[in-house]
Structure formats: C-alpha cells, structure tokens
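These protein sequences, in sequence, are chains R and H.
The letter at position 158 of the first sequence is residue 158 when you use this note's numbering, and the numbering goes up by one with no holes.
When you read off a place in the second sequence, starting at 1, and then add 1000, the result is the number in this note's numbering.
These are computed hints drawn from the structure, not numbers from a lab.
Some hints could be false.
Unchecked claim - In silico DSBU-like cross-links for lysine-lysine, where the CA-CA straight-line distance does not exceed 30 Å:
hint: 1; chain 1: R; residue 1: K2; chain 2: H; residue 2: K1217
hint: 2; chain 1: R; residue 1: K244; chain 2: H; residue 2: K1112
hint: 3; chain 1: R; residue 1: K87; chain 2: H; residue 2: K1291
hint: 4; chain 1: R; residue 1: K2; chain 2: R; residue 2: K244
hint: 5; chain 1: H; residue 1: K1217; chain 2: R; residue 2: K70
hint: 6; chain 1: H; residue 1: K1112; chain 2: R; residue 2: K87
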Amino acid sequence: MKICVLVKQVPGSEAQFSVSADGSWIQETGLPFEMNESDNYALEEALQIREQKDEGEVVVVSLGPDRCQKVIREALAKGADRAIHIKEDAPYNTDPFSIATALANTIKDEKFELVLSGLQSDDLGFGQTGVILGEILGMTTATLVVGTEIQDGKIKVKRELESGWFQWQTMDLPASLAIQSGLNQPRYPSLKGIMGAKKKEIKESLFVDMCDIDGLQSFNGLSVQRAEKQTEMIEGTVDQVVSKLVDVFKNEIRIN
Amino acid sequence: MDILVVLEDKNGMIHRMSQEAITGAQRIGSEFNLSVGILAMGGNAAALSDQAAQYDVNEVLTLENEHLNHYTADGYGAAVAQVVTNENPKYVFFGHTYQVRDYVPRVSAKLKRPFLNDAVSYSSEGGNPVFSKQVLNAKLVAALQPNDGGTILISFQSAAFSSENIQSGSANVRSISVDIDSAEIKTVTEDPFQEEAGGVDLSSAELIVSIGRGIGKEENILLAQELANTIGAEIASSRPVVDSGWLPSHHQVGSSGQTVSPKLYLALGISGAIQHVVGMKGSKNIVVINKDPDAPLFELADYGVVGDMLEIVPKLTEALDR
Ligand SMILES: Cc1cc2nc3c(=O)[nH]c(=O)nc-3n(C[C@H](O)[C@H](O)[C@H](O)COP(=O)(O)OP(=O)(O)OC[C@H]3O[C@@H](n4cnc5c(N)ncnc54)[C@H](O)[C@@H]3O)c2cc1C
Ligand SMILES: Cc1cc2nc3c(=O)[nH]c(=O)nc-3n(C[C@H](O)[C@H](O)[C@H](O)COP(=O)(O)OP(=O)(O)OC[C@H]3O[C@@H](n4cnc5c(N)ncnc54)[C@H](O)[C@@H]3O)c2cc1C
C-alpha cells in the first residue's frame, strides 16, 4: 500500500512566544521547532501498516521553510522511504485551503491509497488540512482516528467521539485520515535509521508553483490572552511555597 | 437569512454546543441587525426542529433525507454544502464538536469558503463581526477575516456563549430537501460504543491530583501518587500522559475523557489546552503548579505557583504528612 504522511513542523510546547513588531505574527528566531504531535502518531501508523503488509511505501510530505528539513530527516530516520518538501519562506499568510491545495497538487499523480495527517496542528489548530485535501482528491475522509484495519479495497477505522465514546466505520479507498494522538507508541529513530536517512530522496518544490489559488481567509492581528480569574500567585523559595500551599489546602480549601 | 445555525443531534435533543451557537447567533444577530435561521437535519430532524422552533429566531429549516439518517462525513458534507448554496447565508454557525471537526472541512472544500474553527470571541470592525480563535498553545488569540465578502463557516468553542442566555420565542418551520446520490456515500458507520469502563469514577472525587506532560517521565508519577495518597485524592491526568501509556485511559480528564468538579483540582505540569480545560473548569478550587508563567491554565487558577513540580511535590507531600 502506498501511503502519504503529512508532517508539519511547529513550535515546541515549551516555546515562549512574543508577537512581532507589526503584530502580524510571532517572532520566530530562537523558537524550538518540532514535529507536530499528532503527525508523529500518523507517521507511526503508516510505518506499522507498511510493516504488517511487508510491502508498500511511506512518503512524507511537509510544507514550510527550510527549517522543516529537520522533521523530514527525523521521519526518514524513523523509516519513511522518501520525502517531498514544498518550500515556503513567506510569512504566515495562507490558510488551510491553500495549504491543502498545494499538497493536493503535489501528490495527485502519486496515486496514494492512503493519506495520513495529524488531527490538528499544535500551533494554529485549524484541524482541516487532511480533510480538505481528501475532498479535493476525491478520497473518503475521517478524523479523530484512533485505530485502523486494512481490508480488501477498504479501510475500517475506529473514531473517537466525545466523552469516551467510539465508533467504527468502513470506508472506500483511497482515504484521507486525520489521526488522533495515542493510537500507537511512536518509535525513536535508530542510529542505523539516522545514517540511512541521509541517502533517502527528498524531492523539493516551491509553494508558489504548487498553489494555484488565492487563500480564503487571513490573519487580522494577534494578541495575548487575557486572564479570566483573579489568581493568587504563591511566591518565594520552595520551602515558603510549600508551607503556603499547606496553609491554603488546610485553611482555605479545607481538604480534610 | 444572514446567519444559519446548523444543529447537531444528541439522541433526539439539540446538542449543548449547538444551543450555544444559537445563543451566539441571537446575540450577533441583534447587535449587527442580521436575521437568524436554524437547520435541523438527520434522522431526528423533526424532533430537533420542534425544539428549535421554540427559540427566538426568524426561521427553522427541516431537512430529512434517507442518506442523512446516520451520520457520515460524505452525506453531511454534501447536504450542508447544498443548503448553504441554496440559502446563501453570510455566516454559518456550528458548535465545535467532534462531528463538526469531521465534516465541515469537507463543506469548506466543496464550496471554497473559509472555515474558521474553534472561535472563542468576536469584535466589531467597520460594522461587521470579526471572529477570533486561540493559537499557539492557547497563549495568543488571532482574529481571522475572510478574503472576500462571501459566506464564512464558523464553529464556536465550548462555552464561547452561555446557553443560559438563549432567547425563547417562536419561529416558522420550512421543509427543505437536498439531492444526494447514493454513490456519494462511501462510508458505512456502526453504532457508537463505550470502551469498558475503568476503575475510577473521577466525577465524584472530592480531591484530585492531576498530572500533565510536565511530569517528564513515567517514574515520576510515583511522586504525584504519594501526594495523592497523603491527602486521599484520586490521580487524574491530561491526555499525553495516557497517550504515553503511563496511566490507563480512565484517568484522563477532558473532552475525550472524564468531566470533574472536585473541591480541589491540583494541576501539576499541565499547560491548559481547551480540550483539558473543558473537563475540569467546574472545579471549586484550582491550584496550578507550572514552571511556565505564561501557561494558559494559570488563567483559571485560584492559586498559582510558578515553579518546578518535581522539586515542590515531594516537599509538599512531606509537609502534608506531618
Ligand atoms: C494567515 C496564515 C499564514 C500562514 N503562512 C504560513 C507559511 O507561510 N508557512 C507555513 O509553513 N505555514 C503557514 N501558515 C500555516 C499554514 O497555513 C497552516 O499549516 C495551514 O493553515 C493549515 O492549518 P494548520 O496548520 O492549523 O493545520 P491543521 O489543519 O490543523 O493540520 C492538520 C494536519 O495537516 C497536516 N499539515 C498541516 N500543515 C501542513 C504543512 N505545512 N505541511 C505538511 N503537513 C501539514 C499535518 O499532518 C497536520 O497535523 C499560515 C497560516 C495562516 C492562518
Ligand atoms: C480532539 C481532541 C481531544 C483532546 N482530548 C483531550 C482530553 O480529553 N484531555 C486532555 O488533557 N487533552 C486532550 N487533548 C490534547 C490537548 O489539546 C493538549 O495537547 C493536552 O491537554 C496537553 O497536555 P499537557 O498540558 O499535559 O501537556 P503540554 O501542553 O505539553 O504541557 C506541559 C506543561 O508542563 C509544564 N512543565 C514542564 N515541566 C515542568 C516541571 N518540571 N514543573 C512544572 N511544570 C512543568 C510546561 O510548562 C507545560 O505548561 C485533545 C486534543 C484534541 C485535538
């Protein structure tokens, strides 16, 4: 089975953000970047499907500036067969529809049976790219996927619903699935994998050549979240903090 | 109509988050002088439409179709796209539910209209509403605007509007239809089910010690466990802790886990993503320990400590044990 995995590079969860001087985006210099969390699970699922069947190909596709090479290499080191990098150095000025269009134009001739993406990006969280891509390429789509079973010409997926409920659905192939975190345990790259990745193909293209449409929506300013509640901050040395917490627990919240 | 609210069916009742979307539509409608319609569709369309007609809106549309009796992204995507084309509203409102996540991007792609998901607020600009969503780990808020004047699809985050403020009234009901080719439905869904219920029912717990990714590694869970044992609390967690296999899934609090409202919710190394917050924001006292002063969960905290939980927790256990 030929599988495409969409991998996005995002600021790490430890990142501290400051809005850029013109208010249009954040200052990127010095930010830690990593693979989007759910994409890592999507990649693992693709690798496991390939290994179960002992055939097929896993191709990672990432759109973004040069720094994305890092996540592409990581995916190749974990076992993806080859990669496509759609380069985009412009500031954040496109939307999920344009991104999905560029991705669709890039992969349409590859005839993938399965496209796996993350459920949503940790930075912007539109949660749409994989589904829009599927619609553009005439694939079936499912999101919140927490399990997959390949069947003859079809795929059966387990979807997460709210509050601990689940649902199975059987879909025609080709399918585009947005993967929810936790469905597998992503592997770490081996030393051999890291060495081998250097020889793997990374095909490059440019976003401007791949996206033939205008975006549908744009950012209109970023601002910092405002607090909702008055928070009493407890400060001091660790010992002072601990004794104040004990006081709060016993005398304010009255835990016993 | 100007604003169309698409309802979600929750076992024959209007989903809570659709009620919130109706509340939002009523408020935005009166503020910007926009008419409001509601779309009830699916196997329970008649029941939903009866309920919707009790609200103060201009019109309720009822849509029944054999391909919509069971939810599929194929069917719902096609149906809503057709209704939007026919009715041509300026705004289409949804609650940001798991179902909406699943099919509304399809509507966006079919119509080539923007989908602004998970909106939390709006403001007025040049006489029009402009909607905002949280980005970058909920640390920043971004306003988004469509690039032209056409229809925009918007889903609202849980509690963006309070359904207690929903206005009652009466509305005309109109039946509508769509054309869905059975060849378009390429998905067969089975009945929803719950995984075998786990050991702990956190919803009735008085005291909860909850751990997030900040716990760092599996061995450190013991530190939180000892603290919990000392005060007689239950252990809960955010999703990454469960995803990593460090705790069974019934410990997870949040939109896909349990909803809790203890007297004390002590959050250790949890950042405060909305999917976690919806499960614990009803807690009576929220105490947050996080090394990042900008962690969004501090906004909900009654008491906050900026610091290293791995340093504080063992000493806290010791002090409480005395
Ligand atoms: C105003 C604006 C300007 C932007 N400009 C840029 C830019 O210049 N460069 C840039 O890199 N991004 C840019 N972005 C971000 C980019 O547009 C987003 O990737 C896109 O909007 C999709 O939204 P999302 O990241 O929230 O994806 P979601 O729909 O939440 O992502 C779901 C999944 O789709 C896949 N996916 C998403 N994006 C990519 C990608 N880029 N490559 C591979 N897989 C992907 C991943 O598997 C991801 O988990 C911009 C966004 C906005 C709103
Ligand atoms: C559809 C959907 C459903 C979801 N359902 C749920 C759900 O039910 N429940 C849920 O929790 N999440 C859910 N999530 C995931 C959610 O979006 C977040 O990714 C998750 O809640 C983050 O968990 P976290 O706060 O533990 O981790 P992070 O966001 O990584 O935060 C870790 C925090 O720990 C702090 N930290 C690190 N080290 C230390 C230290 N030594 N001392 C103190 N602080 C430290 C960091 O500053 C950071 O704030 C869902 C997501 C989606 C898209």
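Next on the checklist: I'd like to know which numbered hints this structure contradicts. Please list them from smallest to largest.
Outcome noted: 1, 2, 3 and 4
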